[in-house]
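Peer 1: The whole structure should be built from the sequences, with the hints applied where relevant.
Protein chains in written order, with the numbering used here: chain A, 115 to 508; chain B, 32 to 418.
Derived by calculation from the structure, the hints in this document are not laboratory data. What you are looking at is a predicted structure, and each value in this text was computed from that prediction instead of being measured. Virtual Cβ for every residue (Gly too), placed ideally from N, Cα, C. Watch out, some of these pointers could steer you wrong.
Looking from chain B toward chain A, a few residues come up when the C-beta cut is under 8 Å (computed) [unchecked claim]:
1. T144
2. S174
3. E181
4. D337
5. E370
6. D375
Now the in silico label distances, taken between C-beta atoms and shown as ranges [unchecked claim]:
7. G269/B to K258/A: 54 to 60 Å
8. K266/A to K341/B: 33 to 39 Å
9. Y340/B to E202/A: 19 to 25 Å
10. P157/B to G379/A: 36 to 42 Å
11. L413/B to T460/A: 54 to 60 Å
12. E411/B to G227/A: 37 to 43 Å
13. E403/A to T404/B: 55 to 61 Å
14. S168/A to D200/B: 56 to 62 Å
15. K215/B to A156/A: 52 to 58 Å
16. L413/B to G227/A: 30 to 36 Å
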Amino acid sequence: MEDAFHAHDNGKLVGYTTAISPVEIFVAHDIVPIYPENHAVANLTAKKGVELCSVVESMGYTNHLCAYARSDLGYRKTGVTVTKGIPEPDLFLACNAQCFTLTKWFQVLARRGDLPVFVFDTPEHILDKEARKEIVKYCVLQLKELISWLEKVTKRKFDYDRLNEVMKYSAASSILYKKFLDMAQYKPSPISIFDALIGMAIAVYRRGTQECVDYYQTLCDEIQAKVDQGIGVLPKDQEKYRLYWENLPVWFKFSDHAKLLGSYGGVILTSLYVHAWSLEFDLNKDPLETLAENYVNRFSNSTIEDRADMAMELFKKYSMNGMIMFMNRSCKAVSFAVPTLKDILTKRTGIPALVFESDMGDQRFYAESQVRTRIEAYFETLDRLDLAQKTATA
Amino acid sequence: MKFFIILGGVMWENLNLKDVVALARDPYPSIRQWSRDTGKKVVGSTIADVPEEVVYAFDLLPVTILGTHKPLKKAPSHLPDNACSLARSNLELALTYEGDLFSGFVLPQVCDTTQHLSDIWRINFPDKYVHSYLAPRQADRPSAHYWVKEEIERLITSLGKWTGKTLSDDALNKSIALHNENKKLLAELYDIKRNNPGTLTNKQFFALMKVSQQVDKAEFNKSLKAIKDGLKLKKGKGYTDVILVGITCDPPEIFDIFDDLKVNIVGDTLVTGSRYLQGAPAMNGDPVQALTDRHFIRGFFSPIHDNVYKNFEEVKKLYYDTKAEAVIYVHIEFCESQEYDLPDLKDMIKKEGIPIHVLDTEYQTTSLSHVLTRTQAFFESLKGGSL
Numbered sequence: 115m116e117d118a119f120h121a122h123d124n125g126k127l128v129g130y131t132t133a134i135s136p137v138e139i140f141v142a143h144d145i146v147p148i149y150p151e152n153h154a155v156a157n158l159t160a161k162k163g164v165e166l167c168s169v170v171e172s173m174g175y176t177n178h179l180c181a182y183a184r185s186d187l188g189y190r191k192t193g194v195t196v197t198k199g200i201p202e203p204d205l206f207l208a209c210n211a212q213c214f215t216l217t218k219w220f221q222v223l224a225r226r227g228d229l230p231v232f233v234f235d236t237p238e239h240i241l242d243k244e245a246r247k248e249i250v251k252y253c254v255l256q257l258k259e260l261i262s263w264l265e266k267v268t269k270r271k272f273d274y275d276r277l278n279e280v281m282k283y284s285a286a287s288s289i290l291y292k293k294f295l296d297m298a299q300y301k302p303s304p305i306s307i308f309d310a311l312i313g314m315a316i317a318v319y320r321r322g323t324q325e326c327v328d329y330y331q332t333l334c335d336e337i338q339a340k341v342d343q344g345i346g347v348l349p350k351d352q353e354k355y356r357l358y359w360e361n362l363p364v365w366f367k368f369s370d371h372a373k374l375l376g377s378y379g380g381v382i383l384t385s386l387y388v389h390a391w392s393l394e395f396d397l398n399k400d401p402l403e404t405l406a407e408n409y410v411n412r413f414s415n416s417t418i419e420d421r422a423d424m425a426m427e428l429f430k431k432y433s434m435n436g437m438i439m440f441m442n443r444s445c446k447a448v449s450f451a452v453p454t455l456k457d458i459l460t461k462r463t464g465i466p467a468l469v470f471e472s473d474m475g476d477q478r479f480y481a482e483s484q485v486r487t488r489i490e491a492y493f494e495t496l497d498r499l500d501l502a503q504k505t506a507t508a
Numbered sequence: 032m033k034f035f036i037i038l039g040g041v042m043w044e045n046l047n048l049k050d051v052v053a054l055a056r057d058p059y060p061s062i063r064q065w066s067r068d069t070g071k072k073v074v075g076s077t078i079a080d081v082p083e084e085v086v087y088a089f090d091l092l093p094v095t096i097l098g099t100h101k102p103l104k105k106a107p108s109h110l111p112d113n114a115c116s117l118a119r120s121n122l123e124l125a126l127t128y129e130g131d132l133f134s135g136f137v138l139p140q141v142c143d144t145t146q147h148l149s150d151i152w153r154i155n156f157p158d159k160y161v162h163s164y165l166a167p168r169q170a171d172r173p174s175a176h177y178w179v180k181e182e183i184e185r186l187i188t189s190l191g192k193w194t195g196k197t198l199s200d201d202a203l204n205k206s207i208a209l210h211n212e213n214k215k216l217l218a219e220l221y222d223i224k225r226n227n228p229g230t231l232t233n234k235q236f237f238a239l240m241k242v243s244q245q246v247d248k249a250e251f252n253k254s255l256k257a258i259k260d261g262l263k264l265k266k267g268k269g270y271t272d273v274i275l276v277g278i279t280c281d282p283p284e285i286f287d288i289f290d291d292l293k294v295n296i297v298g299d300t301l302v303t304g305s306r307y308l309q310g311a312p313a314m315n316g317d318p319v320q321a322l323t324d325r326h327f328i329r330g331f332f333s334p335i336h337d338n339v340y341k342n343f344e345e346v347k348k349l350y351y352d353t354k355a356e357a358v359i360y361v362h363i364e365f366c367e368s369q370e371y372d373l374p375d376l377k378d379m380i381k382k383e384g385i386p387i388h389v390l391d392t393e394y395q396t397t398s399l400s401h402v403l404t405r406t407q408a409f410f411e412s413l414k415g416g417s418l
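Peer 2: So this is what it looks like as structure tokens:
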């Protein structure tokens, strides 16, 4: 981040981009990528949500917009942050495979400084296989436009050899990142989703670098050592419920949730969200093609049917026996699929779901006692089912 | 609700203004009967930008689904209360009230909500034809042109497979001609209303617009022509000329409020209004290319255009060209796209010295007293020059 603050001194531009975006193009062209979402997470985790969001609401923005966007716009207005802040942008790359909200948020930011925005439009990765091929073609065309746009803005020629090099790092780190996440399949699991949420930061921030590869190699080695020693988030005899989490986390309740669930023998192992950066680049393909294929098929841009299949794969792989479906008011892109997804997953797994509504960053939408009561009731239900199953087997 | 009698197998070619207003309120019984009598299938689409000419050319009736005024029963269990009220209303219409009427749906995806809506719809109607129309959410680069054409071609292939028919350029051109005629008639009626507000009320005019998007134009164009020819021009007195900005304006009783307050809508940017009329595709060349080109001629639509300045320029031009006195922005509750644009757009309009009033609307609204009070206050202050 320190480098980013001095980007201009080093003759570089700062590009704001979405966490799910072909940032490899930025890295290859020496644009310093910055993710306003990550800065927002820092503020929201530190419970600055209400303070920052309230400011934005007085500017005319409604309180049901994304808390990342609201807290960020609040930061721009007040300067309030728990970090050193983030560098100001020179340009924007908004990829709507993550959500449409980010595009609109970036447009608001761009208007403040009359800065250029490139929208990388990724149509939904629909079920029709032929259509998917066309979608990838459309996305490749846009990546070419993105490169021309960057060449125009920076007045520098794009280096495809450099892109190939960046792709190698990105592919290697993505494989290691997935390996790290998949360690949750061990019993007891050496990691919980909370570890994954912290661990994913480098995949988001430093994709396309040797540093990122090294980080995940070290992380995998460390976690493997835990596995070898049988060390879990909870001791093996206490790990009763291996849980799936749908959606982003409630950032300001991060550690509270881990403790609360742990007290019932529950460990949340994974979510589709953390797997969003488990990219699978094919280095034998044209880099633009494999970039397009990967970014267009992220869970957040997939059909509900495909999301259900992806989640089912995780259920099987990680032997999960519970699910928490979070209806996140802030994140419409993920949450509007949740009721349908819950119906499909409960039907296919036979496991009941805990559904609760709140907000990932705005504490005003979090009802502590209600959430606690629902969690308690959910574990009681799982206990009853477990007992009934044991009785039936006996 | 008036019962529409079919004479000689037609239903919508002899309608007067009163009939059209009633039809706009609830067109579905009439569409259902028409479909039964003609044996033609009905295909529903939500807004915006599905090329209805293509659907029509397959001998299907394209119907723009614009919400229901009946209570929400099933939609809330699929889409939470912070989802766009139009999306919830549309889903309710299909799930509870009118689903049987439609043989298929072509659903455009323009934002996160419509993307999910498309999936939810498909999952809930496994036995119906459901096609996702993937509109580009950028409109300024060559790739967008490539993509619109590709999507129109994919729609043609998909409808061809479903109906077992092959679409000829001739059939598509004929459909385009019919739709162009409809838009020409509506534009002429708009001109009459704009210059002679005593002739057509806002409610009547926007009912003509709405019904045009929901019934067979081959029939309805005859009604439009007869209505136009039969109008006795009345200038009227005491009208305040206004530009309506937004995506849709519902419920129709809002137009009653405008009419009561003698507001004359002289221009608009609504997807269901002037934007629908923009860019008649050419009829003498490649029809798919003509439909593609039309996509880029249409005005600002918040989810697909990235530059609110364009929206502002469009509003400003309309305001000055028509010599309007104010702008009314129609905000659909929980429309995220509008909500990111509105604060800046409002600032730009205010800085230009144009009086603006934001009207918060929600589908399923039963009481409009707050809208009446606020709109009344706005126009009173406008007349008093205190804005």
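Peer 1: Each hint: holds or not?
Peer 2: Results for each hint:
1. Annotation: T144/B was flagged as interfacial toward chain A, and the flag holds, the nearest CB pair being 6 Å apart, inside 8 Å.
2. Given hint, S174/B at the interface with chain A, holds; its Cβ is 4 Å from that chain's nearest Cβ, closer than 8 Å.
3. For E181/B, the suggested interface contact is upheld, since its CB lies about 6 Å from the closest CB of chain A, less than 8 Å.
4. Restraint check, D337/B versus chain A: the minimum CB separation of about 6 Å is within 8 Å; hint holds.
5. Taken as an interface hint, E370/B checks out: its beta carbon lies about 5 Å from the nearest beta carbon of chain A, inside 8 Å.
6. For D375/B, the interface hint holds, the least distance from its beta-carbon to any beta-carbon of chain A being 6 Å, beneath 8 Å.
7. Take G269/B and K258/A: their Cβ atoms lie about 58 Å apart, and the range 54 to 60 Å holds.
8. Between K266/A and K341/B the beta carbon distance is about 21 Å. The supplied range of 33 to 39 Å is therefore violated.
9. Remark: the range hint 19 to 25 Å for Y340/B to E202/A is upheld by a beta-carbon distance near 21 Å.
10. At roughly 39 Å, the beta-carbon separation of P157/B and G379/A lies within the given 36 to 42 Å, and the hint holds.
11. Between L413/B and T460/A, the C-beta spacing of about 55 Å keeps the proposed range 54 to 60 Å intact.
12. Distance hint check: the CB atoms of E411/B and G227/A are about 39 Å apart, consistent with the given range 37 to 43 Å.
13. Between E403/A and T404/B the CB atoms are about 58 Å apart, so this pair conforms to the stated range of 55 to 61 Å.
14. Between S168/A and D200/B the beta carbons are some 58 Å apart, a value that agrees with the proposed interval 56 to 62 Å.
15. Between K215/B and A156/A the CB atoms are about 57 Å apart, so this pair conforms to the stated range of 52 to 58 Å.
16. Between L413/B and G227/A the beta carbons are some 34 Å apart, a value that agrees with the proposed interval 30 to 36 Å.
The structure shown violates just one earlier hint, number 8.
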